[in-house]
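Asker: Protein sequences appear in the order of chains H and G. Residue numbering for the first sequence follows the working numbering, starting at 1 and increasing by one per position. Residue numbering for the second sequence follows the working numbering, starting at 1001 and increasing by one per position.
The set of hints was computed from the structure by calculation and includes no laboratory data. Note that the Cβ used here is the ideal one computed from N, Cα and C, for glycine as well. Incorrect hints may appear among the rest.
Stated by the list, open to error - A partial selection of chain G residues facing chain H, derived with a Cβ cut-off under 10 Å:
#: 1; residue: S1005
#: 2; residue: E1032
#: 3; residue: S1165
Stated by the list, open to error - In the EDC-like style, the derived pairs of lysine to aspartate or glutamate whose C-alpha atoms are separated by at most 20 Å in a straight line are:
#: 4; chain 1: G; residue 1: K1154; chain 2: H; residue 2: E9
#: 5; chain 1: H; residue 1: K2; chain 2: G; residue 2: E1174
#: 6; chain 1: G; residue 1: K1150; chain 2: H; residue 2: E16
#: 7; chain 1: G; residue 1: K1154; chain 2: H; residue 2: E8
#: 8; chain 1: H; residue 1: K12; chain 2: G; residue 2: E1151
#: 9; chain 1: H; residue 1: K97; chain 2: H; residue 2: D84
#: 10; chain 1: H; residue 1: K12; chain 2: G; residue 2: E1045
#: 11; chain 1: H; residue 1: K13; chain 2: G; residue 2: E1162
#: 12; chain 1: H; residue 1: K13; chain 2: G; residue 2: E1148
#: 13; chain 1: H; residue 1: K55; chain 2: G; residue 2: D1169
#: 14; chain 1: H; residue 1: K2; chain 2: G; residue 2: E1151
#: 15; chain 1: G; residue 1: K1143; chain 2: H; residue 2: E6
#: 16; chain 1: H; residue 1: K2; chain 2: G; residue 2: E1045
#: 17; chain 1: H; residue 1: K2; chain 2: G; residue 2: E1148
#: 18; chain 1: G; residue 1: K1150; chain 2: H; residue 2: E6
#: 19; chain 1: H; residue 1: K2; chain 2: G; residue 2: D1140
#: 20; chain 1: G; residue 1: K1019; chain 2: G; residue 2: E1045
#: 21; chain 1: H; residue 1: K12; chain 2: G; residue 2: E1155
#: 22; chain 1: H; residue 1: K2; chain 2: G; residue 2: E1162
#: 23; chain 1: G; residue 1: K1154; chain 2: H; residue 2: E16
#: 24; chain 1: G; residue 1: K1150; chain 2: H; residue 2: E9
#: 25; chain 1: G; residue 1: K1150; chain 2: H; residue 2: E8
#: 26; chain 1: H; residue 1: K55; chain 2: G; residue 2: E1155
#: 27; chain 1: H; residue 1: K55; chain 2: G; residue 2: E1162
#: 28; chain 1: H; residue 1: K13; chain 2: G; residue 2: E1151
#: 29; chain 1: H; residue 1: K2; chain 2: G; residue 2: E1132
#: 30; chain 1: H; residue 1: K2; chain 2: G; residue 2: E1117
#: 31; chain 1: H; residue 1: K12; chain 2: G; residue 2: E1148
#: 32; chain 1: H; residue 1: K13; chain 2: G; residue 2: D1169
#: 33; chain 1: G; residue 1: K1002; chain 2: G; residue 2: E1117
#: 34; chain 1: H; residue 1: K13; chain 2: G; residue 2: E1155
#: 35; chain 1: G; residue 1: K1087; chain 2: G; residue 2: D1030
What the hints assert, rightly or not - A few chain H positions that, by computed beta-carbon distances, are all more than 10 Å from chain G:
#: 36; residue: T47
#: 37; residue: R73
#: 38; residue: I81
#: 39; residue: D82
#: 40; residue: K83
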Amino acid sequence: MKSLAELEEIRKKTLEQISLRKSNDGMRVIVGMATCGIAAGARPVMTAFVEELNKRNMTDVTVTMTGCIGVCRLEPIVEVIDKDGNKTTYVKMTPEKAVRIVAEHIVNGRVCADYTIGEADK
Amino acid sequence: MKDLSLHLMDIVQNSISAKADKVCVFLTADNEADLLTMIITDNGEGIEEHLLKDITSPFTTTRKTRKVGMGISLLMASSNMAGGDLKIYSKRFEGTTLEASFKISHIDRLPLGDIAETMVTLIMSSPDIEFELSVSNKKDCFKFTTMEVKEQLKEVPITQFEVLSWIRDYINSEIKIILGGVLNEILG
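Start from the sequences and build out the full structure, keeping to the hints where you can.
Answerer: Laid out in structure tokens, this is it:
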């Protein structure tokens, strides 16, 4: 049986981590979460990003959601915006692809070109 | 939509777009009446009257990019398919309540799905909105509120990974306790 009191423990632990954290480097992951995105499986994709980023202790990357990006047939769609504001749009996402994008694009700065919107229509 | 938790997520997005800062979700499984109800209430800006009368039509939408809005009509289809009904009450500038019901034993009723995952995803992306989840089986009730969690956490943000995992486990274990007897049927 879980209780709210357990949060106190988590609070103490995370307070130490927060003080160690580096400044926000501004990389952002945005997941399309309108009806089309959700129906196509955007929720597990978003969860995969959050879990993978946490595994690698990359607490300075923010993961957020947005509405319909406008190309429902290519959902789930994820946009990755790097610190210089360059936007990469990934389409037909899966949790497996999310793991690779974290490793290659977010950690190492190499865009996974084969998952991008530009490749989808070729 | 594959399950009710995805519908829930979709409908709550409407509350978020309506600038609600409090969203309450009630899930009630009444085995005697064989009815599962999902109620979502928000304090957003409400729905304009002329839109409200055709709100379940897929061609009713407030967005400007195109002429269709599927969220409510899809939930209505899922509900009607399972011998249930969908109702919406809304008052401009006060808020909106959506009620969807499902016959628990109906073969076409969608499984409940991962409600905890939906709540965690919503909290993570809108940490400033207060969410409430009540799950009841007519005898017992479980209530989760982000306000309580935030009070307990004080300066630690609710979006902290460890906190979110704790919330997920907490909601999951409580839902199992409350819906335990009918769990297999409801989770499908």
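Asker: Does each hint fit the structure? Answer for all of them.
Answerer: Consistency of the hints with the structure:
1. S1005: holds, 8 Å
2. E1032: violated, 27 Å
3. S1165: Holds. Min distance 9 Å.
4. K1154(G) to E9(H): Judged against 20 Å, a Cα distance of about 12 Å means the pair holds.
5. K2(H) to E1174(G): Holds - the C-alpha atoms of E1174(G) and K2(H) are around 8 Å apart, at most 20 Å.
6. K1150(G) to E16(H): holds, 18 Å
7. K1154(G) to E8(H): Holds - the C-alpha atoms of E8(H) and K1154(G) are around 9 Å apart, at most 20 Å.
8. K12(H) to E1151(G): Answer holds: K12(H) to E1151(G) is near 14 Å, not above 20 Å.
9. K97(H) to D84(H): violated, 23 Å
10. K12(H) to E1045(G): Distance of about 38 Å is beyond 20 Å: violated.
11. K13(H) to E1162(G): holds, 9 Å
12. K13(H) to E1148(G): holds, 19 Å
13. K55(H) to D1169(G): holds, 18 Å
14. K2(H) to E1151(G): holds, 17 Å
15. K1143(G) to E6(H): Roughly 17 Å separates the two Cα atoms, so the pair holds.
16. K2(H) to E1045(G): violated, 36 Å
17. K2(H) to E1148(G): holds, 14 Å
18. K1150(G) to E6(H): Holds, at about 13 Å.
19. K2(H) to D1140(G): The hint holds at about 16 Å.
20. K1019(G) to E1045(G): Roughly 7 Å between the alpha carbons, so the hint for K1019(G) and E1045(G) holds.
21. K12(H) to E1155(G): Roughly 10 Å separates the two Cα atoms, so the pair holds.
22. K2(H) to E1162(G): holds, 15 Å
23. K1154(G) to E16(H): holds, 14 Å
24. K1150(G) to E9(H): holds, 14 Å
25. K1150(G) to E8(H): holds, 11 Å
26. K55(H) to E1155(G): violated, 23 Å
27. K55(H) to E1162(G): Satisfied, since the Cα-Cα distance of roughly 11 Å is no more than 20 Å.
28. K13(H) to E1151(G): At roughly 17 Å apart (the allowed maximum being 20 Å), E1151(G) and K13(H) satisfy the hint.
29. K2(H) to E1132(G): holds, 18 Å
30. K2(H) to E1117(G): holds, 17 Å
31. K12(H) to E1148(G): holds, 17 Å
32. K13(H) to D1169(G): Holds - the C-alpha atoms of D1169(G) and K13(H) are around 18 Å apart, at most 20 Å.
33. K1002(G) to E1117(G): holds, 14 Å
34. K13(H) to E1155(G): Given that 20 Å is the threshold and the Cα spacing comes to 12 Å, the pair holds.
35. K1087(G) to D1030(G): holds, 18 Å
36. T47: At roughly 7 Å from the nearest Cβ of chain G, T47(H) sits no farther out than 10 Å, so the non-interface label is violated.
37. R73: holds, 13 Å
38. I81: About 16 Å separates I81(H) from the closest Cβ of chain G, which puts it past 10 Å; holds.
39. D82: D82(H) clear of chain G: closest Cβ-Cβ about 20 Å, beyond 10 Å.
40. K83: Label holds. Min Cβ-Cβ 20 Å, cutoff 10 Å.
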